[in-house]
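Enquirer: These are the residues of each chain, in order.
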Amino acid sequence: GQQVMQIPQYQHVQEGEDFTTYCNSSTTLSNIQWYKQRPGGHPVFLIQLVKSGEVKKQKRLTFQFGEAKKNSSLHITATQTTDVGTYFCAEYGNKLVFGAGTILRVKS
Amino acid sequence: KAGVTQTPRYLIKTRGQQVTLSCSPISGHRSVSWYQQTPGQGLQFLFEYFSETQRNKGNFPGRFSGRQFSNSRSEMNVSTLELGDSALYLCASSLGTGIPRTQYFGPGTRLLVL
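Same order as they appear, the protein sequences are chains A and B.
For the first sequence, this note's numbering begins at 1 and goes up steadily by one.
For the second sequence, this note's numbering begins at 1 and goes up steadily by one.
A couple of the hints might just be wrong.
[What the hints assert, rightly or not] Mimicking SDA-like on lysine to any residue, the simulated pairs with C-alpha atoms at most 25 angstroms apart in a straight line are:
| hint | chain 1 | residue 1 | chain 2 | residue 2 |
| --- | --- | --- | --- | --- |
| 1 | B | LYS1 | A | THR81 |
| 2 | A | LYS51 | B | ARG9 |
| 3 | A | LYS51 | B | GLY96 |
| 4 | A | LYS36 | B | THR53 |
| 5 | B | LYS57 | A | THR27 |
| 6 | A | LYS36 | B | PHE69 |
| 7 | A | LYS36 | B | ARG9 |
| 8 | A | LYS36 | B | THR102 |
| 9 | A | LYS57 | B | GLY40 |
| 10 | A | LYS36 | A | VAL50 |
[As the list claims (entries may be wrong)] Quick list of simulated restraints, FRET-style, between CB atoms:
| hint | chain 1 | residue 1 | chain 2 | residue 2 | range |
| --- | --- | --- | --- | --- | --- |
| 11 | B | GLN17 | A | HIS12 | 25 to 33 angstroms |
| 12 | A | LYS51 | B | THR97 | 50 to 58 angstroms |
| 13 | B | ARG55 | A | VAL50 | 38 to 46 angstroms |
| 14 | A | VAL50 | B | GLY3 | 19 to 27 angstroms |
| 15 | B | GLN41 | A | GLU15 | 28 to 36 angstroms |
| 16 | A | GLU17 | B | LYS57 | 16 to 24 angstroms |
| 17 | A | LYS70 | B | PRO8 | 24 to 32 angstroms |
| 18 | B | ASN71 | A | GLU17 | 24 to 32 angstroms |
| 19 | B | GLY96 | A | GLU17 | 19 to 27 angstroms |
| 20 | A | GLN9 | B | ALA2 | 30 to 38 angstroms |
[Claimed, not checked] If the Cβ cut is set under 8 angstroms, some of the chain B residues that face chain A in the computed set are:
| hint | residue |
| --- | --- |
| 21 | LEU11 |
| 22 | ASN56 |
| 23 | GLY96 |
No wet-lab data here; the hints were simulated from the structure.
Predicted model only: the values in this text are computed from it and were never measured.
Where is the CB? At the ideal position from N, CA and C, for every residue including glycine.
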């Protein structure tokens with residue numbers, strides 16, 4: 001069935017450093033959604049990508065969808081303590097299938 | 001607009017018991033999905049309801065069931081609880097039935113099975 005692999009599992013960065021999480025699939029993805037879950041919270045929708053090679057930005061966050069639609073990335077420039085949380089990618093086929101998530105910790 | 005609400009927020013049960021969780025979607029949203037989140041298995045899809053009909057179902061045993069009412073509120077039931085059912089149960093609502101669509105998650109119900 002559908003499966004999205006996400007790496008790294010965990011990343012600890014110094015405040016101000018950049019952070020990137022990657023989402024990969026062995027099959028072509030129809031779309032990618034990204035969610036953020038703060039510690040103790042629930043997933044919150046960030047962005048949706050559907051087109052090959054699509055790039056979207058939200059302030060310090062940059063989201064990319066690969067040309068072959070088999071991978072996606074989320075890049076955060078100059079991390080802040082408010083960026084702490086788990087970032088999930090997910091594909092929406094007939095249901096939402098989530099990657100395992102990347103836990104981001106930021107040292108101030 | 002009020003967000004997705006879930007009750008109860010916390011629940012402790014013992015093995016063999018059953019539990020019912022409730023979810024009220026965002027006003028106007030007719031699609032409700034349920035997910036189980038555990039440290040080991042991550043976020044897994046349970047089922048989705050739209051207009052009182054189950055549209056999709058994940059790979060969970062028949063002990064997990066759900067329903068949706070005419071006002072779009074949804075309930076999920078887990079019978080004969082097992083220790084492994086301890087998890088955060090998340091409900092998400094969305095507008096319409098198009099794919100893909102944005103899911104708005106509720107705060108979840110944290111279930112502990114002893």
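Enquirer: Against each hint, give a clear statement of whether it holds in the structure.
Expert: Hint check results:
no., hint, verdict
1, LYS1/B to THR81/A, "violated, 28 angstroms"
2, LYS51/A to ARG9/B, "violated, 38 angstroms"
3, LYS51/A to GLY96/B, "holds, 21 angstroms"
4, LYS36/A to THR53/B, "violated, 29 angstroms"
5, LYS57/B to THR27/A, "holds, 22 angstroms"
6, LYS36/A to PHE69/B, "violated, 30 angstroms"
7, LYS36/A to ARG9/B, "holds, 20 angstroms"
8, LYS36/A to THR102/B, "holds, 13 angstroms"
9, LYS57/A to GLY40/B, "violated, 31 angstroms"
10, LYS36/A to VAL50/A, "holds, 19 angstroms"
11, GLN17/B to HIS12/A: 25 to 33 angstroms, "violated, 40 angstroms"
12, LYS51/A to THR97/B: 50 to 58 angstroms, "violated, 22 angstroms"
13, ARG55/B to VAL50/A: 38 to 46 angstroms, "violated, 21 angstroms"
14, VAL50/A to GLY3/B: 19 to 27 angstroms, "holds, 25 angstroms"
15, GLN41/B to GLU15/A: 28 to 36 angstroms, "holds, 32 angstroms"
16, GLU17/A to LYS57/B: 16 to 24 angstroms, "violated, 42 angstroms"
17, LYS70/A to PRO8/B: 24 to 32 angstroms, "violated, 41 angstroms"
18, ASN71/B to GLU17/A: 24 to 32 angstroms, "violated, 48 angstroms"
19, GLY96/B to GLU17/A: 19 to 27 angstroms, "violated, 40 angstroms"
20, GLN9/A to ALA2/B: 30 to 38 angstroms, "holds, 35 angstroms"
21, LEU11, "violated, 16 angstroms"
22, ASN56, "holds, 5 angstroms"
23, GLY96, "violated, 13 angstroms"
The earlier numbered hints that this structure contradicts are 1, 2, 4, 6, 9, 11, 12, 13, 16, 17, 18, 19, 21, 23.
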